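> Each chain, written out:
2 protein chains.
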Amino acid sequence: MEQLTSIEAQRGWSHARHAAGQKVVFVPTMGALHAGHLSLVEKAKASGGAVVVSIFVNPTQFDNPGDLATYPITLEQDLALLAGAGVDAVFLPTAQDMYPNGFATFVSLVGPLTDKLCAVARPGHFRGVATVVTKLFNIVQPDIAIFGEKDLQQVLIISRMVGDLNQPVEIQVGATLRDADGLPMSSRNRRLSVEGRAKAVSLPRGLELANRAFKSGEIKSLSLTEIVYNELLVHEGVEVDYCDVVSVRGFEEKEHADDSCVLACAVFVDGVRLIDHVLLGGPAILVALDG
Amino acid sequence: MEQLTSIEAQRGWSHARHAAGQKVVFVPTMGALHAGHLSLVEKAKASGGAVVVSIFVNPTQFDNPGDLATYPITLEQDLALLAGAGVDAVFLPTAQDMYPNGFATFVSLVGPLTDKLCAVARPGHFRGVATVVTKLFNIVQPDIAIFGEKDLQQVLIISRMVGDLNQPVEIQVGATLRDADGLPMSSRNRRLSVEGRAKAVSLPRGLELANRAFKSGEIKSLSLTEIVYNELLVHEGVEVDYCDVVSVRGFEEKEHADDSCVLACAVFVDGVRLIDHVLLGGPAILVALDG
Numbered sequence: 001m002e003q004l005t006s007i008e009a010q011r012g013w014s015h016a017r018h019a020a021g022q023k024v025v026f027v028p029t030m031g032a033l034h035a036g037h038l039s040l041v042e043k044a045k046a047s048g049g050a051v052v053v054s055i056f057v058n059p060t061q062f063d064n065p066g067d068l069a070t071y072p073i074t075l076e077q078d079l080a081l082l083a084g085a086g087v088d089a090v091f092l093p094t095a096q097d098m099y100p101n102g103f104a105t106f107v108s109l110v111g112p113l114t115d116k117l118c119a120v121a122r123p124g125h126f127r128g129v130a131t132v133v134t135k136l137f138n139i140v141q142p143d144i145a146i147f148g149e150k151d152l153q154q155v156l157i158i159s160r161m162v163g164d165l166n167q168p169v170e171i172q173v174g175a176t177l178r179d180a181d182g183l184p185m186s187s188r189n190r191r192l193s194v195e196g197r198a199k200a201v202s203l204p205r206g207l208e209l210a211n212r213a214f215k216s217g218e219i220k221s222l223s224l225t226e227i228v229y230n231e232l233l234v235h236e237g238v239e240v241d242y243c244d245v246v247s248v249r250g251f252e253e254k255e256h257a258d259d260s261c262v263l264a265c266a267v268f269v270d271g272v273r274l275i276d277h278v279l280l281g282g283p284a285i286l287v288a289l290d291g
Numbered sequence: 001m002e003q004l005t006s007i008e009a010q011r012g013w014s015h016a017r018h019a020a021g022q023k024v025v026f027v028p029t030m031g032a033l034h035a036g037h038l039s040l041v042e043k044a045k046a047s048g049g050a051v052v053v054s055i056f057v058n059p060t061q062f063d064n065p066g067d068l069a070t071y072p073i074t075l076e077q078d079l080a081l082l083a084g085a086g087v088d089a090v091f092l093p094t095a096q097d098m099y100p101n102g103f104a105t106f107v108s109l110v111g112p113l114t115d116k117l118c119a120v121a122r123p124g125h126f127r128g129v130a131t132v133v134t135k136l137f138n139i140v141q142p143d144i145a146i147f148g149e150k151d152l153q154q155v156l157i158i159s160r161m162v163g164d165l166n167q168p169v170e171i172q173v174g175a176t177l178r179d180a181d182g183l184p185m186s187s188r189n190r191r192l193s194v195e196g197r198a199k200a201v202s203l204p205r206g207l208e209l210a211n212r213a214f215k216s217g218e219i220k221s222l223s224l225t226e227i228v229y230n231e232l233l234v235h236e237g238v239e240v241d242y243c244d245v246v247s248v249r250g251f252e253e254k255e256h257a258d259d260s261c262v263l264a265c266a267v268f269v270d271g272v273r274l275i276d277h278v279l280l281g282g283p284a285i286l287v288a289l290d291g
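Just so you know, the protein sequences line up as chains G and E, in that order.
With my numbering applied, the first sequence corresponds to residues 1 to 291, in that order.
With my numbering applied, the second sequence corresponds to residues 1 to 291, in that order.
Hints in this document: simulated from the structure, not taken from any laboratory.
Check before you lean on any hint, since a few could be wrong.
The list makes no distinction among identical chains, and a pair is therefore deemed to hold if it is satisfied within one copy or across any two copies.
Said to hold, decoys possible - Below 25 Å or equal to it, Euclidean Cα-Cα: the simulated SDA-like pairs (lysine to any residue) are:
id, residue 1, residue 2
1, K116, S187
2, K43, V238
3, K150, S39
4, K23, R11
5, K254, L81
6, K43, Q3
7, K150, A104
8, K23, P168
What you are looking at is a predicted structure, and each value in this text was computed from that prediction instead of being measured.
Chain G on its own, in the form it takes in the complex (with noise of 0.2 Å):
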């Protein structure tokens, strides 16, 4: 496996993979890397093409300082298990050469999909999303890019930007992964006390509780997300960030749900910020309804 520390390797090494007529397909992370990241390499590597994992915790994300500084960084582990995944190379760069003095570009987004949801509590977040993945790309110039669908507005975002933009690559999307207890496997799970896990799980549990409503005929968004409250207030140390039912396509929010909304919430567990979401009509999360 190959490591590549500067822009100018990065860009060396695809267009060699592309001279010798070979796609290159790239998967972003911020490393921390967990069974859900490696998803999303297993589904590169299917492609066929020269698999490429960029790691860089990308500084203009995070709208909270505190947040960026307790990111985990597990470089050592990371890099074995891409070797171990058969990754062709691992992108590198430094937050210097990414964002030298005089920075002054931003890539951003208007209307719905930045309006609500995450982009709400955290101002920037996803400008700086979609200017490191612009960035990413035109470094990388992959023909594939897969991103986890536990991230969705994310992944919406990216869609929306890499359409509107033209940039040429396309956009796939991995499932979400969860560990046995339901929880979306996460970097940030990491951060979590056995007590706070405990809690956490009370995310996934309420979503399924409200998919199964869902499914029973309950249409009332309000009582939809009223189950989700349910199951998340009785602990101490969780707070709500939001807890909405909106449209996929346009992101709207929906007083009366249907089969294109996904319920989606995002919580503090004694800080540490979650997010998890359901499609609704969609697929059960495999939790214990009991917890």
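With chain G held as given, fit chain E onto it using these hints.
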């Protein structure tokens, strides 16, 4: 000369050129072509690559709907000029293809490049320019793109953007062409009456007089701009939008000029907005000084 009227056709053309080992050299325009544009085409031809010129009056860079509505359109003449100049392809996208319903993504810059000169009077203008140029680069995928120095702030903004976003294109700059009376060539000049044209020439005349004063030792920015104002404001129907001495690097306003500075000016002549600039200490503008 191929006429490419869809995004897919342009992508296919560029792909074929690259597959044949050719460079793609790109001159983006808004049509209403004049000898200044053709000098950029000539520069493109000299690079030895396959040359594509786009003609697209980009609605997102017009802050004023009246200005968009009256922007000159001379397509048949433009196509004849480009064919005569030996251009290989012309890209003619539609506004609906470039900005489909739900379009939501913009590229914009923060800081000194976009908080003074033309950016003040034309809010959103450079956001529109940065966005459309990014889109055109992603569609055309040029190795080289050529812009006119006449739109100096635009050139500096695009160069900054290309670096910041790691866009894989080399920016080249073509010198400003002037008519025999000294007025820089611009599509907007067509909108001047004979009387308006006579007044407009006071802009390059003022800039040349100021540059002569600078070369003779006058470094006070206020004195230099006063020379320009004195030339301009003797005419009825001439309004000054801005007239400033700024550093080319960093676009700082300078109380005292040096030869890293530009004297840049925008005026309205009978309602037509014109811009011009001179690099202080740089080549003389050939303009009659007794007008």
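> Hint by hint, note whether the structure agrees.
Now the hints, each set against the structure:
{"no.": "1", "hint": "K116 / S187", "verdict": "within (23 Å within a copy, 43 Å between copies)"}
{"no.": "2", "hint": "K43 / V238", "verdict": "neither (34 Å within a copy, 64 Å between copies)"}
{"no.": "3", "hint": "K150 / S39", "verdict": "within (12 Å within a copy, 52 Å between copies)"}
{"no.": "4", "hint": "K23 / R11", "verdict": "both (14 Å within a copy, 17 Å between copies)"}
{"no.": "5", "hint": "K254 / L81", "verdict": "neither (41 Å within a copy, 54 Å between copies)"}
{"no.": "6", "hint": "K43 / Q3", "verdict": "within (21 Å within a copy, 39 Å between copies)"}
{"no.": "7", "hint": "K150 / A104", "verdict": "between (30 Å within a copy, 22 Å between copies)"}
{"no.": "8", "hint": "K23 / P168", "verdict": "both (13 Å within a copy, 18 Å between copies)"}
In terms of the numbered hints stated before, the structure departs from hints 2, 5, listed from lowest to highest.
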